[in-house]
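**Student:** Chain by chain, the residues:
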Amino acid sequence: MASKSSSSGKARDYRVVGTRPVRPDGIDKVTGRARYGADAVAPGMLFGAVLRSPHAHARIRGIDVGRAEALPGVKAVITHRDFADTDAALRDVAVNVMARDKALYDGHAVAAVAAVSPSVAARALELIDVDYEVLGHVTDVEAAMRADAPVLHEDMRTAGVEPAPTTPSNIAERVEFGLGDVERGFAAAAVVVEREFVVEASHQGYIEPHACLASIGPDGQGELWCCTQGPYMVREITAAMLGMDISKLRVTPSEIGGGFGGKTTVFIEPVTAALSRKANRPVRLVMSREEVFRATGPTSSAKMWVRMGVTRDGRITAADADLRYQGGAFAGSPVSFGAMTAFACYDLENVRVVGYDVVTNRPKQAAYRAPGAPLSAFAVESVVDELAARIGMDPVDLRLRNAAREGTRTAYGPRFGPIGLVETLEAAKAHPHYRAPLRAHQGRGVACGFWFNFGGQTSVSMSVNADGTVALAVGTVDIGGSRASMCQIAAEELGIPYESVRTVVADTSALGYNDITEGSRTTFSTGMATIHAARDAIRVLCARAARMWGIPEDAVVWEDGHAKPSGANAGDFEPLSLADIAAVAGKTGGPIAGHWEFNAENAGPSFATHLVDVETDPETGRSTVLRYTVVQDAGRAIHPSYVEGQYQGGAVQGIGWALNEEYVYGADGRLQNPGFLDYRVPVASDVPFIDTVIVEVPNPGHPYGVRGVGETSIVPPLGAVGNAVSAASGARQTHVPMSPPRVLASIDRLAEAAE
Amino acid sequence: MATVKVGLGGPLRSAAGGRSEFEVEASNVRQMLDALAAAEPRLAPVLARGVAVAIDGEIYRDDWFRAIPAGAEVFVLPRMAGG
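Same order as they appear, the protein sequences are chains A and B.
Letter 118 of the first sequence, counting from 1, is numbered 118 in the working numbering, and no numbers are missing.
Letter 78 of the second sequence, counting from 1, is numbered 78 in the working numbering, and no numbers are missing.
Excised from the complex, chain B in its bound form:
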């Protein structure tokens, strides 16, 4: 597993008490989300409700087994919805 720098946007940042960046050990989305919840338990319920994950500019849902390449730019964002 590689070290992944994860940026948090909006409600995720709020849930983490205003902290906008975490470093976690992960090679896929599930590991990254689990590590975030472990590092900041206040994030756990927000992550459990469903989020979007941006990896190198591509926005995915919380697609557990999506690989996170080494050095990828990762952000956790509110889950996308729409009309």
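Only chain A is shown next, with the shape it has when bound in the complex:
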């Protein structure tokens, strides 16, 4: 593990942090005891099903549910009329959950039923009569931007252009970031490379489809059990859509079979709740895989243009980009994040990025690990690779020559604090992988990546039990092993064994509000809250010891899991362990607990450098990943195995996106591949062991130096694999995924051009 000493605070020896204890959720998961969303049951439960639009774009002239309601066994049928009108901030989410006047994409929900069995529910869907007026549709980003494109929203005017447009458009917004003068920068360049790139949409591909059990009683109180990254978010949106008080709704998150950002919004949760309320029975709704593909959030797809200039000695003088991201049927593609991250790895004086947020007849995009960043990074890292080749410089050296460091000003304004990009590049260059020989038709790619990370609202509660063990309740769903990390952090602070702490993800009634598990925030934010909650509990423990000894509270210190007199003047008492104090808590003042509620700030960004070797078959265009190494800054790895797991998972998902994964729409605007047979994610036999190097450049904004690591790992793979396939095939790759037919066509074009 490469590490660099902290620039803030004194060095600290950790007892539990940095070790690799067994995960507390492991046995449940491998034995099948873990309860996922679809495992929830309730007495008298009904089965929900959703009717979805078969059209990419259609006006809904009417919905007749009469025949469905008359079917024996049907207990409720709902449409958009069963939801409260929400304010503007929630309107797009609400309309995405249930269509109103128009169906905006193939798979858009238009009605739902609850029935006594899945087969009755399925039959009822067939009996709902929807009167559609089919409209022209558009699923391609560039086609959607044309003036003659079918318009999705009559009231959409492009924001960010002067003068303000008066006619509707599918371009929701134009954004621009930048510094300096790019034309002056290009004038100083010896070599300029300019290319267009396309990245197709991928899906997060989580194993567990969305599932929800709702029970809303006639008294207006209710509960939801569901699979989500954000139970508080589910509670608040569902309450708003049903016109309920937040306090009347309790949401319990299930164990989660992956989310990667795709479960940071609602789809079926308000629908299930509305069905339950109307039927006055518990209702369970579970999405099929086809529904997950057609109607949850894939990523944006994008058309991008990048131009960069470099001097002969490797100084990048200018960078310019135009990014066009479609984000499905509603405004809000992550094009701003794509624009902000595009050149974040580089120290540039002259940079400009223009982005367009475009709507199309596709499902509303949802976050997917570092939303927006992998797309623009693919384009930029490809151009950087080509610049290096054109000036005859090693691609790692070119990146080191121009790498962002502490004090570098970003294209979006602020300067970076302490960051670890240079350390990842140096570790990659020193890695044996970088010097390993390659054979014919093999190529090596390198690429860097960046993600902001953020903190957010967080609340935890810790109880000291009578036997000296500790219960920790957190409000952030455990997606990446955070329960283990929280146990480690609590044990570290309290001075007790890891095994003495049990962390549970609480329901929404148990704690104050918690933001979603997203933005690589949980180990950072919930971890920091756990540190403070433990210190809060320690204050109580020391106060109890002081009373037991009859000395002032400030004469007691906490060391190695024991209360001790602070010095000779405080008196001579045998140290009291946490268990000693806990055992008599009922006689010294009552339960001992600690809690912390705050808005976590100062999440330090994480940078990565990836190396990959690929072999591309020149006859079929098929690429095989031979070797892959992830080097990334974790600030401080709490549980290194989970950090490595995040690195490996991001790399594998990136490999899948780079080589295979793609939303394919037909001319009819319908998704052609809504299943894992035709939408191919990498399986174990497709990828080699993903090697990892954890770099630790501490984040001064966290007591231990933690940086979030869950997202940066998917930013470099598209570019790294693209550079490797370009080297292996001899043809520059500009279109993700680099599927065999696409790569073969690029090789053929090269051969034709050579003739």
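Hint data in this document are derived by calculation from the structure and do not stem from the laboratory.
It should be emphasised that the depicted structure is a prediction, and the values quoted were computed from it without experimental measurement.
Think of the CB as a built atom: it goes at the ideal place given N, C-alpha and C, for glycine as much as any other residue.
Heads up, some of the hints might be wrong.
What the hints assert, rightly or not - According to the in silico footprint, chain B covers these stretches of chain A (three or more CB under 8 angstroms from chain B): (1) 172-186; (2) 211-218; (3) 335-344; (4) 362-376; (5) 402-415; (6) 597-604.
Add chain B to chain A, keeping to what the hints say.
**Tutor:** Here is chain B on its own, set in the frame of chain A:
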């Protein structure tokens, strides 16, 4: 209250009609955001939806009572989210 130079990025700059820099009187984030909305009313709804505020390179949410030190470098940016 001191004079604070505030840079706007991306959608904020767009909402302000392309203007990328403002000077306002403020000693904390709330005062800075209120002054921005007063100086450019088109920014008000965008600021109300939630933004990020960078103070000397540290990125915060719209944390009202976060102090803005004299001479600090301040940028208002799209609110951070993630996967």
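**Student:** Check the structure against each numbered hint from earlier and tell me which ones fail, lowest number first.
**Tutor:** 2
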